[in-house]
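Peer 1: Given chain W, put chain Z in place with the hints provided.
There are 2 protein chains.
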Amino acid sequence: MDRVSTIVEQILQGEVRAAARLMRDLDDGIPEAREVLKQLYRHSGRAHIIGITGSPGVGKSTLTDRLIQYLRQEGRTVGVVAVDPTSPFSGGAILGDRIRMQRHALDEGVFIRSLATRGHFGGLTASARAVITVLDAMGKDYILVETVGVGQDEVEIAATAYTTMVVTVPGLGDDIQAIKAGILEVADLLVVNKADREGASRTYQDLLQMLDLQSIRKNNAWRPKVFMTQAKEDQGIQELLAGVREHRDYLMKNQGEALLAARYQRVRQEFLELLKEGVFRELVARITDSGLLEEILQEIVAKRTDPYSASEYLVKKVLSF
Amino acid sequence: MDRVSTIVEQILQGEVRAAARLMRDLDDGIPEAREVLKQLYRHSGRAHIIGITGSPGVGKSTLTDRLIQYLRQEGRTVGVVAVDPTSPFSGGAILGDRIRMQRHALDEGVFIRSLATRGHFGGLTASARAVITVLDAMGKDYILVETVGVGQDEVEIAATAYTTMVVTVPGLGDDIQAIKAGILEVADLLVVNKADREGASRTYQDLLQMLDLQSIRKNNAWRPKVFMTQAKEDQGIQELLAGVREHRDYLMKNQGEALLAARYQRVRQEFLELLKEGVFRELVARITDSGLLEEILQEIVAKRTDPYSASEYLVKKVLSF
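Order-wise, the sequence lines are chains W and Z. Reading the first sequence from the start, the letters are residues 164 to 484 in the numbering used here. Reading the second sequence from the start, the letters are residues 164 to 484 in the numbering used here.
Calculated directly from the structure, the hints in this document are not laboratory data. Hints are not guaranteed to be accurate.
One copy or two, either will do: identical chains are not told apart, so a pair holds if it fits within one copy or between any two.
[Claimed, not checked] Once the Cα atoms are required to be at most 27 Å apart in a straight line, the calculated DSS-like pairs of lysine-lysine come out as:
id, residue 1, residue 2
1, K480, K395
2, K479, K466
3, K479, K201
4, K466, K416
5, K388, K416
6, K395, K201
7, K466, K480
8, K395, K416
9, K479, K395
10, K388, K479
11, K480, K416
Isolated chain W, as found in the complex (with noise of 0.2 Å):
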C-alpha cells in the first residue's frame, strides 16, 4: 500500500496522531496531504454537521463545551472546528473557560481542531471544509462548527452547517438589529444564552417578531425555534439538542429530500470556493513569471490605467474557452 492509501486508512479507522498530522499538513500546503483528502472525500458525508455562531462574548464556547457532553453522554462521537479568536478552543478567552474545556481534550470520541488564521490551503472557509471532511471521514457522529458572527467569511462557514445556530444574549440591545440582516437569516435555531439575564423573555419574543417578519429563509419549509439556555449553568441543552433533532428530522423527511438539497447546496459552495482560489493562484503564477503582472502594476502606478480597467482586460484575456 502506498503512502497515500495508508494515511486513507488510518484516517478512515479514526486515528486521532494521524488526522492531527494530515491537517497540518494541508494547511502547510503538502501535495500529498491533499491526495489524501480527495480520496476521504467519497467517505464523507455521513456526520450531521451544526454550525454555531453569533457575536463574541454570548457564550459560544460554552455551548459548545455543553452539546459535547451531552452528546458524549449519548455514546456519539464528536468533531469540533473553532475558526474564532475569541474562542477557548482556539487559544482565546480567560483562563476558566479554557480550563473547562481541558475535561474533554483526554477524550478519544472528541476530536478539537481550531482554524485562527489562514493556513496555505487558501481561504479560511476552504481551511475549515477540509477539516470537516476530514473528521467526518473518521467517522465522527457530529461535527461543531463554531464560528464568531462578524466577518463575513465565518457567517458562510456556520451557514454551510445541516443545522445552523444563531447565539445571542439579553441586552445587546440594538446589536440584534444590525447583525439581523446578516445572520439572522441563515438560522435553524436560535438560542438566547444567559437567560437569566433581566429582558432575557424581550429578547426572546423579539426573536420571535423578527422570525415572523422575516420573509427571505434559505428554506422556507422550516420555521426556526427559539431557545433560552444558561450554558454555564448547564440549563436548557437538552431542550436545544432535541431541537437539533427537530430539524434533522424535518431535513430527513420525503427521502431526506431537503438534506439532499442541503448537500447539493454544500457542495456546489465548495466547489465554487475551490474553484475560486485555484483558478486565482494558477493565474497569478503564471503572470507573476511571464512579468505581465508587474508591467500592469506598472501602469497603475503611473495612472496610465485604473486596476478596474487592467483587470477587465485580464480576464478577458486569459480565459480561453
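Peer 2: Chain Z only, in chain W's frame:
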C-alpha cells in the same frame, strides 16, 4: 458632456449627493458607476488613509468620532468608511453613541459611508476600496477606515491604510495574546483606550514588550508607537494625532520612498483582488451557461469525483495562455 463625465466632474467638485448616489450605484452593480470609478481613479492618491481596527467594544467609534472632531478643528476634510457591524456609524451600538455621531451629520466637510454587507461590487474589501477611491477623488484630506478586527477581510482592509491603528483596552487579558498574531503585525500605532481603567499601564507595558519581541513587520524601519487615550473623555487624542503625523512624516522621508512603497503595495493588492473577483465571476457565468457546472456538481454529488480534483481539472482547462 456625457453622463459619466458629468458625474466625474461633480465628484471632483466634492458634491455630496453625487457621491452618495455613486456609492449606491456601485453597490447595485450599475455599469455606468463602474465607468465613473475608472475615471476617478487617476484623481485619487492624495488623501491620507488611516485604518482603525480592534475588537468590538474597545471604543473604535468613539475614537473615530474624536479624530473627526480634531481634524475638523484644523480645517481638514474627512471621509469615513465604517466596515464594522458593531459601529454606530454602521447603525449598530447603543443609542448614546449614535447621538454622539449625529453632530457630524450636518457638517459638509465630513462624509460617512457604512458598509455592512457585500454589495454587488464583489467582496467587502473591493467595496471598501471603491468607497475610499471616491472619497479620495472628492478631495478629502483624511479618510478614516473603521473595521472590527475579527474577520480576516476586516483586518486586511485596515492593513491597506497608510497608517494603521490597532485599538485595545486594559483587561482584555488573554485576548490580546489571541489576536496578536493576526493584528499586531499590521499596526503602525497602538492605542490603549479607556486608559482610566485598572491595568492600563500594565497593558501599555505588555504592548511595548510585545513590540520588542516582534520581528516580522510589514516595514522594519518604523517602530510602532503606543498611545493611551480616553476617547469618551477627550483625553490623549491630540497626542495620538501627533503620532499619525509622525508616521506620515516617516512615510514622506527621502522623497516619500516609504509612501511610494506603501502605495505600490496598495495598488498590487487592489488589482489582485479585482482580478480574483473578475476572473471568478466570468468563469462561473460561462460554466453555468454551458451546463458544465451542473455536470461537474452531479459528478461530485454521486462521489464519482471530489471537489478538489474537479476544480484542479477545470483550472487547467480554462486558463489558456
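Peer 1: Are the hints correct? Go through all of them and say.
Peer 2: So, going through the hints one by one against the coordinates:
Within a single copy, K480 and K395 get their C-alpha atoms no closer than 57 Å, and across copies no closer than 53 Å, so neither meets the 27 Å cut-off. With identical chains, the CA atoms of K479 and K466 are at most 27 Å apart within one copy only, with a shortest distance of 21 Å there and 33 Å across copies. Taking identical chains as interchangeable, the C-alpha atoms of K479 and K201 lie at most 27 Å apart only when they sit on different chains, with a minimum of 17 Å there against 31 Å within one chain. In this assembly of identical chains, K466 and K416 lie within 27 Å of each other by CA distance solely across copies; the values are 23 Å between and 59 Å within a copy.
Taking CA atoms no more than 27 Å apart as the test, K388 paired with K416 passes inside one copy only; the shortest distance there is 18 Å, against 60 Å between copies. Taking the closest pair of Cα atoms, K395 and K201 never come within 27 Å of each other, the shortest separation being 40 Å inside a single copy and 54 Å across copies. For the identical chains of this complex, K466 and K480 are intra-copy neighbours only, at 21 Å inside a copy versus 34 Å across copies, given an alpha-carbon limit of 27 Å. For a Cα distance limit of 27 Å, the shortest separation of K395 from K416 qualifies neither inside one copy, at 34 Å, nor across copies, at 55 Å.
Taking the shortest alpha-carbon separations for K479 and K395, neither the intra-copy value of 56 Å nor the inter-copy value of 51 Å comes in at or below 27 Å. With identical chains, the CA atoms of K388 and K479 are never at most 27 Å apart, being 47 Å at best within one copy and 45 Å at best between copies. Taking the shortest alpha-carbon separations for K480 and K416, neither the intra-copy value of 48 Å nor the inter-copy value of 40 Å comes in at or below 27 Å.
Consistency with the previously given hints fails for numbers 1, 6, 8, 9, 10, 11, ordered from lowest to highest.
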